[in-house]
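There are 2 protein chains.
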Amino acid sequence: MSNPTKPQPAVQTAITPTREQHYAEWYQQVVRAADLAENSPVRGCMVIKPWGYQLWENMQRVLDRMFKDTGHKNAYFPLFIPLSFLEKEAEHVEGFAKECAVVTHHRLQAGTKPDGRPGLVPSGELDEPLVVRPTSETIIGASFAKWVQSYRDLPLLINQWANVVRWEMRTRLFLRTAEFLWQEGHTAHATEAEAREETMKMLDVYADFAENWMAMPVIKGRKTDGERFPGAVDTFSIEAMMQDRKALQAGTSHFLGQNFAKASEIKFLDQNGTLQHAWTTSWGVSTRLVGGLIMTHADDDGLMVPPRLAPTHVVILPITPKPETAAAVNEACEKLAKRLREIAYAGRTVEVEVDRRDLRGGDKMWQWVKKGAPLRVEIGPRDLEQNAVSVCRRDRGTKERTAMSADALVAGVVALLEEIQQGMLAKAKAHREANTRVIDEPAEFRAFFTPNKQESENSPTEIHGGFAMSRFAMDAKDEAKLKDDLGVTVRCIPIEGPDDPGPCILSGKPATRRVVFAKAY
Amino acid sequence: MSNPTKPQPAVQTAITPTREQHYAEWYQQVVRAADLAENSPVRGCMVIKPWGYQLWENMQRVLDRMFKDTGHKNAYFPLFIPLSFLEKEAEHVEGFAKECAVVTHHRLQAGTKPDGRPGLVPSGELDEPLVVRPTSETIIGASFAKWVQSYRDLPLLINQWANVVRWEMRTRLFLRTAEFLWQEGHTAHATEAEAREETMKMLDVYADFAENWMAMPVIKGRKTDGERFPGAVDTFSIEAMMQDRKALQAGTSHFLGQNFAKASEIKFLDQNGTLQHAWTTSWGVSTRLVGGLIMTHADDDGLMVPPRLAPTHVVILPITPKPETAAAVNEACEKLAKRLREIAYAGRTVEVEVDRRDLRGGDKMWQWVKKGAPLRVEIGPRDLEQNAVSVCRRDRGTKERTAMSADALVAGVVALLEEIQQGMLAKAKAHREANTRVIDEPAEFRAFFTPNKQESENSPTEIHGGFAMSRFAMDAKDEAKLKDDLGVTVRCIPIEGPDDPGPCILSGKPATRRVVFAKAY
Chain A
1 MSNPTKPQPA VQTAITPTRE QHYAEWYQQV VRAADLAENS PVRGCMVIKP WGYQLWENMQ
61 RVLDRMFKDT GHKNAYFPLF IPLSFLEKEA EHVEGFAKEC AVVTHHRLQA GTKPDGRPGL
121 VPSGELDEPL VVRPTSETII GASFAKWVQS YRDLPLLINQ WANVVRWEMR TRLFLRTAEF
181 LWQEGHTAHA TEAEAREETM KMLDVYADFA ENWMAMPVIK GRKTDGERFP GAVDTFSIEA
241 MMQDRKALQA GTSHFLGQNF AKASEIKFLD QNGTLQHAWT TSWGVSTRLV GGLIMTHADD
301 DGLMVPPRLA PTHVVILPIT PKPETAAAVN EACEKLAKRL REIAYAGRTV EVEVDRRDLR
361 GGDKMWQWVK KGAPLRVEIG PRDLEQNAVS VCRRDRGTKE RTAMSADALV AGVVALLEEI
421 QQGMLAKAKA HREANTRVID EPAEFRAFFT PNKQESENSP TEIHGGFAMS RFAMDAKDEA
481 KLKDDLGVTV RCIPIEGPDD PGPCILSGKP ATRRVVFAKA Y
Chain B
1 MSNPTKPQPA VQTAITPTRE QHYAEWYQQV VRAADLAENS PVRGCMVIKP WGYQLWENMQ
61 RVLDRMFKDT GHKNAYFPLF IPLSFLEKEA EHVEGFAKEC AVVTHHRLQA GTKPDGRPGL
121 VPSGELDEPL VVRPTSETII GASFAKWVQS YRDLPLLINQ WANVVRWEMR TRLFLRTAEF
181 LWQEGHTAHA TEAEAREETM KMLDVYADFA ENWMAMPVIK GRKTDGERFP GAVDTFSIEA
241 MMQDRKALQA GTSHFLGQNF AKASEIKFLD QNGTLQHAWT TSWGVSTRLV GGLIMTHADD
301 DGLMVPPRLA PTHVVILPIT PKPETAAAVN EACEKLAKRL REIAYAGRTV EVEVDRRDLR
361 GGDKMWQWVK KGAPLRVEIG PRDLEQNAVS VCRRDRGTKE RTAMSADALV AGVVALLEEI
421 QQGMLAKAKA HREANTRVID EPAEFRAFFT PNKQESENSP TEIHGGFAMS RFAMDAKDEA
481 KLKDDLGVTV RCIPIEGPDD PGPCILSGKP ATRRVVFAKA Y
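So the protein sequences, as listed, match chains A and B. Position one of the first sequence corresponds to residue 1 (the working numbering), numbered consecutively onward. Position one of the second sequence corresponds to residue 1 (the working numbering), numbered consecutively onward.
There could be a bad hint or two in this list.
Identical copies go unnamed one by one, so any copy, or any two together, can satisfy a pair.
[Said to hold, decoys possible] PhoX-like mimics (lysine-lysine), calculated; alpha carbons at most 25 angstroms apart, straight line:
no., residue 1, residue 2
1, K73, K338
2, K335, K73
3, K146, K68
4, K113, K98
Read the hints as simulated data drawn from the structure, not as lab findings. Quantities reported herein were computed from a predicted structural model and do not represent experimental measurements.
Based on the sequences and whatever the hints tell you, model everything.
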């Protein structure tokens, strides 16, 4: 944290404000500077720009492969859900389907608008309103009920890539938007054990993806009753720590028991000829992951993209100060690009962009810093003479550069990218460890989550707290009170934590386990 | 055509009715038998089942690569379009935005429904209704207007993969549904010439894809004024002939001139510092292509999938009549699968499924025939003894099978798949040629498009006509009258046709070119 009594050296950063100065605004500025997304004229809906969308596509590609390798198949279900489907699912509705987009008409025609002006007005009122899917359990359940007749039809392992809409009042690009892109897995099984196994398997897939592709360490855990998905028997999540030390729920996997199967009448004849309800699961991650990636890795110069998901791994910048050497420089750049593009990396090939745009070199360089491409390579006339290229790593600040031969870069590019990838994961892990504290004293717990007064007077920073590993007796009333008092919630009950009995941090009542307490997005 | 006076031999087919008996119903039955899609509880919206969705995914993968290779980047824009955007675009609205899904409320809450029962009712009326995008020119135009400032920002080459909704009254799976999946390319250019070049380039990409991946020959051409996209200066399409000899418009590419740029205020400073409107294009293909693929290649035994787009290229069916040889048979099947999966084919590897489900062999075989997998391979105990496998091609009827060694199959599988692919294209081309006629006599023209009376009395077939290559003087009134009279339209003015002056087939007025007349989907 900055110490307001000591003047800070004026470090030039690409992003203003810095993380310390104002974390929330810094986030918006990184999204803008990296050209990832922007707000649209439609309230709460974002436009995902090419660099942001490529990140999402790369995530999709890897996740889709993981889903297929675990036996799932993609399918597509309607965008609209009849109102009656939501009514059937009473608990579901209570939970989150209240704020949603409702289609009531199927025609626009010329007429008089409410303010008296002529224009287009809705007509053709629907007999039954349709809801734009906030999630698809009910509509997919209707199909599953038709597809499942016998134990031979199980397990049914389906995934859908889709857009969903939840009418959020306060939105933030990627983290919380009215419309977002996601995948939702929906599976049906013959036994509880199988469905529980599926739930945990997909949680593991998410954790694997977060750590090994996004370089974002996560804690796998179970949600408390208060944070559970409505209708689920058990909800599990992966929770990551952002740089402001708040938690981000990055993916969820729900064991739905027979609740949804009963609501949707998903029944099968078992091997003994007995009619039974299936056991179902659902699990999802969304474009929120892009927000998590930004808040895990970006710095005060902009985004930093983990190489395994980078849209572009290597940007080559030709330095052409004199017309007479420009052709040779450009040729050397294209030749290097061609060689690099033949190298396999992380399930695809090294992606290279030669940026020959007519822009000042400094502007061009800073654009790529802000976008977070892992490696920048400059080639100028002097480099050509010395048979060298100049390599800059995004994870090493903007001053450091290394001269090496093109051959050395080609030979070492995969190792270099992996070193950056692993370094990003290690740094994120270290940050989480440094800001995770085992707390047994209520006073310490309260202090941990209370912003330093001086700090909050001198800067609008939101950075405080972290993960408190404290015991909890699982009383929902205590949890609700904590949320009101400090804005802190139980993020999860870690799966991998051992039993560790002692008094509950909130009530002093006997508790068996430590849980993760944190403020959260 | 069947001759009703001569009794037909009773050929057993997997699909009832056959194409001849009732083409439209045959189509529905193929979709069902191949497990491609089904109707949903939401009027006009389909559920795309895994086999159908995999076809679409494979199409997406190839098209996406083609778009990226021609310099386009993907992005994502809001599902909803404010009503005012459509009002701005008056001609646009006139054209097709009338029947669309209108969101008027953003909340559901407990209340009394119109029929007096308690339930959920829409509340939270929006100040401005939102339309679920029927296409995205207006909402993407709003972004382009922000992104484009200078000639340096051009060309802007964007593609979106998305769902769109048009409230269709009469729907048919894949061919016409209220919600469908598509891609829409939207580009902006500094000059008319560049935008026209882009329009034709993407038409060529579509034609290349249709012919070389779908094995569906197409005619590239320009639409007449009456069939043009509202707001476009020129609309081009690819038109394919289905087995009932009707045309299917399989993709469109629009040169929009400066019309949309003016409506959306997409302006840029050119190299002379003059503010100009950009020139834009848009182009799209949709899940309708899956319908076109079915109607081009399926037969009376079900679907036939072109190998280059097949979800599964080779299905291996273990024949295990005796428990004592089952293990050896299954092992041989898995070993063959592993070898085949290492072979590169059409930008991926050979996709193999070993079907070990507990089903009768005949049922299993017929399921794969109906799904249209290009190759079925059976391995039984006797094959093992003879070191052979039994190979059945989907394009050769269900009786023909060839014994070969596993080595020979591995060595020859790519050639075999390509032979099937090319054979399917050749067959589709031959069908089109056999049913395309150069017609100069109005009486012949009328007869060509009038069902044989006896035929139509004896069977509900819709098969008649074809493509008539006849001269047209481009009078919209004559075209409209033709549509009313015979249900025939000008599908396109072929790009590759030479000038061939003579009298118009409809009016006798002088005409310069032949066009494609046909009935159409």
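Subject >> Structure versus earlier hints, numbers of those that do not hold, lowest first >> reply: When the structure is compared with the hints, none of them turns out to be violated.
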